[in-house]
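Novice: So the chains spell out like this:
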Amino acid sequence: MKINSLHIKYLFLIFYLIVNVTSSAQLIVSKLNDLAFGTVFKGYSSSVNHLDVNAAKFYFNTGNLQNVNILVQFVLPQNLTNNIDNLLITFSTQQSAWATKDLPTGRTNFNPYQPLRFNRLKKNTSIYIWLGATITIPTAITSGLYNGTIIMNVERI
Amino acid sequence: MIKAKYTFLFLLLTSICFAQSGSASASVTANVITPITIITTGSIDFGDVIVMPNPYQVTKSPESGSRHEVQGNPNSSVTISFNPITLDNFNWVAQHGGTSGTITFIPEVKHTGTNPNYVNPITVTSGGVYQLTDVGGIGKLYLWVGGAINVNANQPVGYYTGTFVINVSY
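Line order of the protein sequences matches chains Z and V.
The numbering of the first sequence is this note's numbering, which starts it at 1 and goes up by one.
The numbering of the second sequence is this note's numbering, which starts it at 1001 and goes up by one.
No lab work stands behind these hints: they were computed from the structure.
For clarity, every value in this text was computed on a predicted model and none was experimentally measured.
Cβ coordinates follow ideal geometry from the N, Cα and C atoms, glycine included.
Take these hints with a grain of salt, some might be off.
Claimed, not checked - Residues of chain Z placed beyond 10 Å of chain V at every Cβ, according to the derived structure:
id: 1; residue: A36
id: 2; residue: D102
id: 3; residue: P104
id: 4; residue: Y113
id: 5; residue: F118
id: 6; residue: Y128
id: 7; residue: S143
id: 8; residue: N153
Stated by the list, open to error - What follows is a list of derived Cβ distance ranges for each label pair:
id: 9; chain 1: Z; residue 1: D52; chain 2: V; residue 2: V1157; range: 52 to 62 Å
id: 10; chain 1: Z; residue 1: T81; chain 2: V; residue 2: F1090; range: 49 to 59 Å
id: 11; chain 1: V; residue 1: N1075; chain 2: Z; residue 2: N54; range: 35 to 45 Å
id: 12; chain 1: V; residue 1: Q1131; chain 2: Z; residue 2: T105; range: 42 to 52 Å
id: 13; chain 1: Z; residue 1: I28; chain 2: V; residue 2: N1031; range: 27 to 37 Å
id: 14; chain 1: Z; residue 1: S45; chain 2: V; residue 2: S1077; range: 22 to 32 Å
id: 15; chain 1: V; residue 1: Y1159; chain 2: Z; residue 2: D52; range: 27 to 37 Å
id: 16; chain 1: V; residue 1: S1100; chain 2: Z; residue 2: I84; range: 51 to 61 Å
id: 17; chain 1: V; residue 1: I1039; chain 2: Z; residue 2: I84; range: 25 to 35 Å
id: 18; chain 1: V; residue 1: T1123; chain 2: Z; residue 2: L88; range: 36 to 46 Å
id: 19; chain 1: Z; residue 1: N33; chain 2: V; residue 2: N1091; range: 49 to 59 Å
id: 20; chain 1: Z; residue 1: P104; chain 2: V; residue 2: N1120; range: 31 to 41 Å
id: 21; chain 1: V; residue 1: S1100; chain 2: Z; residue 2: T142; range: 46 to 56 Å
What the hints assert, rightly or not - Here are a few chain Z residues that face chain V, going by a calculated C-beta distance under 7 Å:
id: 22; residue: L27
id: 23; residue: V29
id: 24; residue: K31
id: 25; residue: F41
id: 26; residue: K42
id: 27; residue: F110
id: 28; residue: N111
id: 29; residue: T136
id: 30; residue: I137
id: 31; residue: G148
id: 32; residue: V154
id: 33; residue: R156
Next comes chain Z alone, as it looks inside the complex (with noise of 0.2 Å):
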């Protein structure tokens, strides 16, 4: 194909476009804090709730996308390992919750097993995601410090 300046204008106004587009309408998801339940013994549970400041958070901010529909899915750990022993972990929904605003009021519980769907955002929204949850610990387990990885994905639908 010849290349004429009719291709070059509408190169250059694709690439000035998408420039625009992705510099400006950029999702921006984080963590903001990871999932804590600290000295634990055995022979006992323990639970984080989505108010406790260990409980891990998240956050998304929709940026300049307008009416925008978002879709939250967690990979959520079944067990939690010392690459030893296995620690059973289990989610709930009183103990996750989200809110447009980083504070302990005005949160709304959901089922972390679920998706979690936000419709119609507004362009430079903000949403704030806890999780906490419960681990009990037999006693016959090894005892060291056991790991597990939340992970949450964010799209545009």
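Starting from the known structure of chain Z, fit chain V onto it as the hints suggest.
Specialist: Same frame as chain Z, now just chain V:
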């Protein structure tokens, strides 16, 4: 034709750009440890103490007092704390009559590490930090408690009792 091609290209690329997503991950951690248990054998019994016109002190060695087997998380440090206590004969007086009195018990605490026998005892100071040594996957420390009571001049007679508490915490 050219316009149509570029319009298609534009729509394709912008649709890719608009199909935005993002992810973030958080770690979950729990430090699992064994709770502390204390198995006590023996008691601190001073036996019969004679009433004298002058104050004096009666002692009991930790070896002949009470032994406390501390079990917990292997190789973890624990803080041990305790205080003198006051013994009284209040219950005895309530049953038999007489004069109420008190006696101060001053504890003496030793530890023998993981040895369940009283060998090479080491003095334990209140507020001190000690280690639970790994014995077959269990952190252990043997504590021995004896002490002294200060008997006052003309101490009221009776059966003096009190509860001595020794705290062991991570």
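Novice: Can you list which hints this structure breaks, lowest number first?
Specialist: Of the numbered hints given earlier, those the structure breaks are 1, 7, 8, 11, 15, 20, 27, 28 and 29, listed in rising order.
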